[in-house]
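Visitor: Sequence:
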Amino acid sequence: MPSLRQLLDAHHPLLVIDAASSHTQIGWFPSSDPGAARWALSDDESGIGVFRCVADLGADLSAVGAFVFCDGPGSILGIRTTAVAIRTWNVLARRPVFSYRSLALVAHALGRAEVGVIADARRETWHHYRIGGTCVRLPTAELAGELVTPANFRHWSQLPAGVRSVPYTIAELLPMLADLDLFHINESPDAFLHEDPTYVTWTPQVHRAPSR
4 MPSLRQLLDA HHPLLVIDAA SSHTQIGWFP SSDPGAARWA LSDDESGIGV FRCVADLGAD
64 LSAVGAFVFC DGPGSILGIR TTAVAIRTWN VLARRPVFSY RSLALVAHAL GRAEVGVIAD
124 ARRETWHHYR IGGTCVRLPT AELAGELVTP ANFRHWSQLP AGVRSVPYTI AELLPMLADL
184 DLFHINESPD AFLHEDPTYV TWTPQVHRAP SR
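With the first letter of the sequence shown counted as 1, position 140 gets the number 143 in my numbering; the numbers rise by one all the way through.
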């Protein structure tokens, strides 16, 4: 797993896209210096926000050396919109794609292994991450200890008591963690899932009138 600094050294310019929250955040890293990035933010729905941010930055998509995106947890619509955009751009010219996890980014920025970072996983369950662990899905009753959640992440279940909101500003988080190995190669960009989906098979039958 490479760090941001290693990705910049090997692949700059980088285009970083994060649509996990209600804001679309995009960064253009033109050089190997993490501090040289320019950022754009949009409150439009992700299908508009991604392209508006790229245009506002004046990012040259043909010059991109690698794409970096947040694959979750977070807004499934925003993340999948980002993944589709990257797959489309890669049809024109193949570039490596790397991804990172939103909750890991927040946890390492806080730097406290005892704090759990959570995001809504629907049906009274929560994505949960602590430094040194993996991202798991837990029911509300199993959440314990100090908990935080990234700002501007949507939730459908009521937040557990005592959970506090912490900033989710990628322009600040990524440069702060530039030397941590937080990224992994993502050959088929899509939203993070805890497990592969399963499908029920069925046998088609010709419809017949009921027998008398």
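Some clues are possibly wrong.
[To be verified] Quick list of the computed label-pair ranges, beta carbon to beta carbon:
1. 164 / 212: 20 to 30 Å
2. 136 / 175: 16 to 26 Å
3. 163 / 46: 42 to 52 Å
4. 139 / 114: 18 to 28 Å
Quick caveat, the hints were computed from the structure, so don't treat them as lab data.
For clarity, every value in this text was computed on a predicted model and none was experimentally measured.
Every residue gets a Cβ at the ideal spot worked out from N, C-alpha and C, and that includes glycine.
Visitor: What hints, given by number in increasing order, does this structure fail?
Guide: When the structure is compared with the hints, numbers 1, 3 turn out to be violated.
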